[in-house]
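Engineer: Sequence:
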Amino acid sequence: MAHVSRLLWEDIVQALLQSRKDEYADGRGNVIAIDVRAFAGNVDCTRTLMAPGAALYQVVKADGYGFGIERAIRLGLDAGVDGFCVGTIQEALRAKALAPAHPILLFTACPPALLAGVACQGVIVTVNSVAAYQALDGLEGARFMMEFDCGFGRFGLDHAAFDALLAREGQRTRPRCLGGYTHFGSRAGAAFDEGLRRFDGFGAMLRAAFGDDQLLMAAASHGLVWRPGLPYPGAHPGSLLYGMVPAAVAPGFAPVLRSVTSPIIQVNRIAEAQSLSVGYGSGVMLPAGGATGVFPLGWNDGLSTGAALGSVLVRGRRAPVIARTLFHSIVDLSGIDTPAIGEAVTVIGTQGGERIGLHDAADAMEIAATELHFRLAGAITRGVFGGDHES
550 MAHVSRLLWE DIVQALLQSR KDEYADGRGN VIAIDVRAFA GNVDCTRTLM APGAALYQVV
610 KADGYGFGIE RAIRLGLDAG VDGFCVGTIQ EALRAKALAP AHPILLFTAC PPALLAGVAC
670 QGVIVTVNSV AAYQALDGLE GARFMMEFDC GFGRFGLDHA AFDALLAREG QRTRPRCLGG
730 YTHFGSRAGA AFDEGLRRFD GFGAMLRAAF GDDQLLMAAA SHGLVWRPGL PYPGAHPGSL
790 LYGMVPAAVA PGFAPVLRSV TSPIIQVNRI AEAQSLSVGY GSGVMLPAGG ATGVFPLGWN
850 DGLSTGAALG SVLVRGRRAP VIARTLFHSI VDLSGIDTPA IGEAVTVIGT QGGERIGLHD
910 AADAMEIAAT ELHFRLAGAI TRGVFGGDHE S
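Residue numbers for the sequence shown, in the working numbering: 550 to 940.
It should be emphasised that the hints constitute simulated quantities derived from the structure, not laboratory data. Keep in mind the model is a prediction, meaning the values are calculated, not measured. We put the beta carbon where it would ideally sit given N, CA and C, even for glycine. Any given hint might turn out to be false.
Said to hold, decoys possible - FRET-style restraints, in silico, Cβ to Cβ: (1) Arg577 <-> Val679: 32 to 42 Å; (2) Asp761 <-> Arg867: 48 to 58 Å; (3) Gly855 <-> Gly760: 25 to 35 Å; (4) Gln683 <-> Arg746: 23 to 33 Å; (5) Ala739 <-> Ala796: 18 to 28 Å; (6) Val679 <-> Gly801: 21 to 31 Å; (7) Gly855 <-> Thr722: 30 to 40 Å; (8) Ala796 <-> Leu663: 21 to 31 Å.
What the hints assert, rightly or not - Distance condition first, Cα-Cα at most 20 Å in a straight line; then the derived DMTMM-like pairs of lysine to aspartate or glutamate: (9) Lys610 <-> Asp631; (10) Lys645 <-> Asp627; (11) Lys645 <-> Asp631; (12) Lys610 <-> Glu920; (13) Lys610 <-> Asp584; (14) Lys645 <-> Glu619; (15) Lys610 <-> Asp627.
Using the sequences and the hints, build the whole thing.
Structural biologist: Here it is as structure tokens:
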């Protein structure tokens, strides 16, 4: 070890610490790894799609997109995001404790009667209805953003409600409104431009009433990709930052879900060629001398419940998944010499010279990459991020 320079040794130690920091194991041997560099790179790529100087709000709803909200917020703080968007009151309070100097915006996600309590904690709440606005009556220190319905029938104020609330808030000595936002999903398609026109109408009225410093956010993930450089002072991308939008749609972005691995917990050897009914599958043909292996990831952990089961990597080779149960999957190990209990199964990631990426696995299972990400990340990290969510 004497020939290893001190600087090199420190680099090695830091690399090992980083690896441990970003890998989390559940109680069954399944391990999820988060790619910190991919997240930082996605933040940088996102900023190139935004207006110069615009504020980037990271969405950490759904428990940090399945990674655990604490972990997701640390990713954002390290990458230099400007604020956070959450989906529940519990997430809002946790985010405020972790990033007290950053604005925390609570999306529409709770009954109006509960808004006053969280607004008193310094969280920016959403006014998406007359009832939500009325819940803030008497709270001079409350801060909120309005959510606009831009023609998609989602959450948000229509013009009649918006006009009424704008007039009421405008009568206050110190208006509490910080801005307004809307959200365009991946299916907005041809209606996107019309939706933007409606949003601009709402935004112009907000600024006329409360000043040009109103924060307007209409650019979420697909909006940024469809119309780079939208002239809004803020953006709130979700799946884009986590690399869930296909590369064909958003080149330059990489999945933050780096790998998902699981151990083989049982090996069954096949003496004679036969058609087996394994798990909830049937009619699976296996050759003489072959084998099957069981690994502890199943429907309950987010893997496909359909007929398309995909494949995994074992010893750097692709092996087809032939059946799946609630808590397990069965893989065909035929062609692998003397498979053993404890061997690593790579569901997502690199093994040997082969790689199965998030989008590859999702395509093979015939489900959306977003769905697979949320399922796997949430299932494996459930119980891992306990207490203060440190490993």
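Engineer: Each hint should be assessed against the structure and marked as holding or not.
Structural biologist: Against the structure, the hints come out as follows:
1. Take Arg577 and Val679: their Cβ atoms lie about 49 Å apart, and the range 32 to 42 Å is violated.
2. The hinted window of 48 to 58 Å between Asp761 and Arg867 holds, with their beta carbons roughly 56 Å apart.
3. Between Gly855 and Gly760 the beta carbon distance is about 52 Å. The supplied range of 25 to 35 Å is therefore violated.
4. Evaluation of the 23 to 33 Å hint for Gln683 and Arg746 yields a pass: the beta carbon distance comes to about 29 Å.
5. The hint said 18 to 28 Å for the Cβ distance between Ala739 and Ala796, and at roughly 23 Å that hint holds.
6. Between Val679 and Gly801 the C-beta distance comes to about 42 Å, which lies outside the given range of 21 to 31 Å.
7. Gly855 and Thr722 have their C-beta atoms about 59 Å apart, which leaves the hinted 30 to 40 Å range violated.
8. Under the hint 21 to 31 Å, the C-beta atoms of Ala796 and Leu663, about 40 Å apart, miss the expected range.
9. Only pairs whose Cα atoms come within 20 Å are accepted, and Lys610 paired with Asp631 is accepted, the gap being roughly 16 Å.
10. For the suggested pair Lys645 and Asp627, the alpha carbons sit about 16 Å apart, so the restraint of at most 20 Å is met.
11. Using a Cα cut-off of 20 Å, the hinted pair Lys645 and Asp631 holds, with the two alpha carbons roughly 13 Å apart.
12. Taking the CA atoms of Lys610 and Glu920, the gap is near 14 Å; set against the 20 Å cutoff, the hint holds.
13. Among the hinted pairs, Lys610 with Asp584 is consistent with the structure: their alpha-carbon atoms are about 19 Å apart, no more than 20 Å.
14. The suggested pairing of Lys645 with Glu619 holds, with an alpha-carbon distance near 11 Å, which does not exceed 20 Å.
15. Of the pairs offered as hints, the one joining Lys610 and Asp627 holds, with about 18 Å between alpha carbons and a cut-off of 20 Å not exceeded.
Going down the numbered hints, you'll see the structure goes against 1, 3, 6, 7 and 8, while the others check out.
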